[in-house]
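> Dock chain V against chain W, hints included.
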Amino acid sequence: MRSAITRRSFLKIVGGMGAGFALGSFSSMGCAKAKVAKSFSPNAFVQINPTNGLVSLTVTKSEMGQGVRTACAMLIAEELDADWNSIKVVQAPGDGKVYGSQETGGSSSIRTMHLQLRQMGATARHMLIAAAAKQWEVDPLECTTESGIVHHRDSDKKATYGELASLAATMPLPVPSQLFLKSKSKFKILGKRTHRVDNPDVVNGSAVYGIDVQVNDMVYAALARPHPNGSKIEVLSETEARSIPGVIDVVKVAYGFAVIASNTWAAFKGRDALKLARVGGPLDDLSTAKILDALKAQLSAHLEMPPNAKKIEATYEFPYLAHLCMEPLNAVANVLADRCEVWSGTQNPDSVQTAVAKQLHMPVSAVTVHAPLLGGGFGRRGGDYIAKAVDISKTIQRPVKLMWTREDDILDDAFRPMGFHSLRGAVDTTGVPVAWSHQAIEAGGRHKNEEGNPIAYYGIKDVHMRRSSADIAIPVGSWRSTEFSTLIAATECFFDEMAHAAGKDPYEYRIAHVKLPRLKTVLETAVQKAGWGTALPNGSGRGIACFSGYGTFIAHIVELSVNGGNIKIDRVVCAVDCGMVVNPSGVEALMQGACCDGLSTALVNEVTIAKGLPVQTNFDTQKWMTMRTMPKVDVTIIDSNEEPGGMGESGYPSVSPAVANAVFAVTGKRVRKFPIRLQDLASQ
Amino acid sequence: MAAHEIAVNGVSRKIEAEPEMPLLWVLRDLLHLTGPKFGCGIGMCGACTVLIDGTDQRSCQVPISTVGSKKVVTIEGLSNDNSHPLQRAWIEHDVPQCGYCQAGQIMSAAALLARVPNPTDAEINEAFQAHICRCGTYQRIREAIRIAAGAKP
Numbered sequence: 001m002r003s004a005i006t007r008r009s010f011l012k013i014v015g016g017m018g019a020g021f022a023l024g025s026f027s028s029m030g031c032a033k034a035k036v037a038k039s040f041s042p043n044a045f046v047q048i049n050p051t052n053g054l055v056s057l058t059v060t061k062s063e064m065g066q067g068v069r070t071a072c073a074m075l076i077a078e079e080l081d082a083d084w085n086s087i088k089v090v091q092a093p094g095d096g097k098v099y100g101s102q103e104t105g106g107s108s109s110i111r112t113m114h115l116q117l118r119q120m121g122a123t124a125r126h127m128l129i130a131a132a133a134k135q136w137e138v139d140p141l142e143c144t145t146e147s148g149i150v151h152h153r154d155s156d157k158k159a160t161y162g163e164l165a166s167l168a169a170t171m172p173l174p175v176p177s178q179l180f181l182k183s184k185s186k187f188k189i190l191g192k193r194t195h196r197v198d199n200p201d202v203v204n205g206s207a208v209y210g211i212d213v214q215v216n217d218m219v220y221a222a223l224a225r226p227h228p229n230g231s232k233i234e235v236l237s238e239t240e241a242r243s244i245p246g247v248i249d250v251v252k253v254a255y256g257f258a259v260i261a262s263n264t265w266a267a268f269k270g271r272d273a274l275k276l277a278r279v280g281g282p283l284d285d286l287s288t289a290k291i292l293d294a295l296k297a298q299l300s301a302h303l304e305m306p307p308n309a310k311k312i313e314a315t316y317e318f319p320y321l322a323h324l325c326m327e328p329l330n331a332v333a334n335v336l337a338d339r340c341e342v343w344s345g346t347q348n349p350d351s352v353q354t355a356v357a358k359q360l361h362m363p364v365s366a367v368t369v370h371a372p373l374l375g376g377g378f379g380r381r382g383g384d385y386i387a388k389a390v391d392i393s394k395t396i397q398r399p400v401k402l403m404w405t406r407e408d409d410i411l412d413d414a415f416r417p418m419g420f421h422s423l424r425g426a427v428d429t430t431g432v433p434v435a436w437s438h439q440a441i442e443a444g445g446r447h448k449n450e451e452g453n454p455i456a457y458y459g460i461k462d463v464h465m466r467r468s469s470a471d472i473a474i475p476v477g478s479w480r481s482t483e484f485s486t487l488i489a490a491t492e493c494f495f496d497e498m499a500h501a502a503g504k505d506p507y508e509y510r511i512a513h514v515k516l517p518r519l520k521t522v523l524e525t526a527v528q529k530a531g532w533g534t535a536l537p538n539g540s541g542r543g544i545a546c547f548s549g550y551g552t553f554i555a556h557i558v559e560l561s562v563n564g565g566n567i568k569i570d571r572v573v574c575a576v577d578c579g580m581v582v583n584p585s586g587v588e589a590l591m592q593g594a595c596c597d598g599l600s601t602a603l604v605n606e607v608t609i610a611k612g613l614p615v616q617t618n619f620d621t622q623k624w625m626t627m628r629t630m631p632k633v634d635v636t637i638i639d640s641n642e643e644p645g646g647m648g649e650s651g652y653p654s655v656s657p658a659v660a661n662a663v664f665a666v667t668g669k670r671v672r673k674f675p676i677r678l679q680d681l682a683s684q
Numbered sequence: 685m686a687a688h689e690i691a692v693n694g695v696s697r698k699i700e701a702e703p704e705m706p707l708l709w710v711l712r713d714l715l716h717l718t719g720p721k722f723g724c725g726i727g728m729c730g731a732c733t734v735l736i737d738g739t740d741q742r743s744c745q746v747p748i749s750t751v752g753s754k755k756v757v758t759i760e761g762l763s764n765d766n767s768h769p770l771q772r773a774w775i776e777h778d779v780p781q782c783g784y785c786q787a788g789q790i791m792s793a794a795a796l797l798a799r800v801p802n803p804t805d806a807e808i809n810e811a812f813q814a815h816i817c818r819c820g821t822y823q824r825i826r827e828a829i830r831i832a833a834g835a836k837p
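Protein sequences appear in the order of chains W and V.
Under our numbering, the first residue of the first sequence is numbered 1, with each subsequent residue one higher.
Under our numbering, the first residue of the second sequence is numbered 685, with each subsequent residue one higher.
Any given hint might turn out to be false.
[To be verified] Covered by chain V, according to a simulated footprint, are these stretches of chain W (three or more residues, beta-carbon under 8 Å):
#1 157-167
#2 186-199
#3 312-326
#4 369-380
#5 587-595
#6 622-633
Hints are computed from structural coordinates only; laboratory data are not their basis.
Yeah, the Cβ is synthetic: ideal placement off N, Cα and C, and Gly gets one too.
Isolated chain W (complex conformation) (with noise of 0.2 Å):
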């Protein structure tokens, strides 16, 4: 892995007016290994003003509460070596040509982009230096930094960022070779516990989302569409609803029909005031009854399992999941003759650029996407709700808000798939386990009869994983973990039941066999911290799980109590191995919050679905963990040199199935359906 910058870097002098610093790159600096790599075009991530002395820092992608605008910053400011308690996080628009991919997704903004940000921080602290020395007419060499002030020993000179910036513009670029990252030992602010950017913001009410935004002469709509997809809709009457005081307009557009009004009630109150025809579509006899059928029509031979050894079957069902984020789908958009500007929380600022451009036929230069927070993201916040409100807003030739009630947000959601998985395994007669077999079946997934990559880490020799999706139109889309979240959960169920087959503690088996060293030293902290194996009361039991993706490794154990036909969490301990920690504060809250998604899901939360429409389409139906019933979460994080780890997705997938065995522990029966309910326990 290179650390140092390439020559093709380069320096541009802010707004052509000779006022500031900033940098900016044509490469793909340290991105080797991006998945999202395209290639990065100029960007400045730092800025100094020479005025104010005001550091800038650029964050590209989108902060949706997994902590991305402290943690890039951090990373630059480190090499900067910045006063962090007085830089300034500017974040982005929307612009690929600019900042490269801005996907914020896939746990891959840290692990993609870590070296390239310290990069910059380090190649502008090379310059500031060189202004210095230059200045003072002394060696660079003998120049040190330190919280935004340059400093040389020998005679005392002191500069501030601010006072070099006009200087350092002028100064090359470094070569490679002149640029170095710290060594760990020398943080002063990576690994250290930082308190969130946003944070004061957030607690006075001042920070942005997008449904916050307001401008000129801006109208709000609401939309009346039809569900489920395929059906139609044809408006009977709009008389009613343009009697609503507030009600400006009822407008036929390119996804339904827009009621426009000076706010957001009446609004809503508009568009549910409109007297709909409805013609019914082929989704209207679905239910989850007949897309489980569906799901088990795809299952296909399972490998042979061995002879002479003890053979395990199992499967497992998934519901739907809503991704129910917390800011419900808003989008503004101004269109003009000529040019276009939104308004929205997005995890894709840039493919939204490109896509409007293409909706309106317009440059992509022509487009501004402006990026607020993001009240929650959990994969939902693509852009299709930012197409509806560009096309408002170019039928009425206003600026537009259109709002989403939570029914709306429900109903127009692209769910985490339903799944059905069916396992097969074998353990040998000494209990090793030596076969396995995986079926993973989903709704309108995108999988035909396909082999899957088998998750492979308990080094079974036989193992095979074949995934398939049945032919149901109710958008899916990406959810916490994507695929992980019930390919996880079936297989550490799953290997759990070999355990037991074996004849083994699902602890033991799970280090005897796992083959990755930092997932097993996770297992063994989990259960060290978590005091595996001491008695519990009665009625209460342990369960664990583990999981290795997005470059970090995690364990959980969950402690539960089954009283009264009630299912109460009592702790939950993990451990996490996400290499190279940039903010332990961060860290945990993931995964404490992914803990959260996971106990939720596994106990509480799903979406079912009844005349193609889901059933639970607003808080008091769709159940979420709360004060009340969430435990303490008790985050052990490891201590590691290694590349850092994703964090936004990774902490949930282990949680639901150390609960389904916690919930083995303490009835000796196996969940075989989520979310867990007891009654289909005894059932069994």
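Then chain V, alone, in the frame of chain W:
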């Protein structure tokens, strides 16, 4: 449309709105106080929570006509400078993740601490039973309330 005069964050504000328009939309769309957030519209998530005469209420469930002379405090009115003990604790303890629900969480915490200066776990559970945090920040919310209350987290 009817004229209403309401006291928000210590300032008298005049607006024209339908009597049944929820306070949430008056605050957000008419007064441009966007700290209170829309999450569910049915009083189940808590993102829109504001103080009305000191009690935490779901502003999406409060028709503007019922506000009258009651004092409304939104997250914007908690302090001028992030100096409220809850704001300080939220920052120092790094509570927010996406942050969207936190205005509501903080307002319920403010009502709780005004009522019970040093709440027990059970009292915190009770006060937060209709607050959802999709990012799962509950543990840090609980700890931050304890910090703000001057207790050990």
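> In ascending order, which of the hints set out earlier in this document are inconsistent with the structure?
Of the numbered hints given earlier, the structure breaks just one, which is hint 1.
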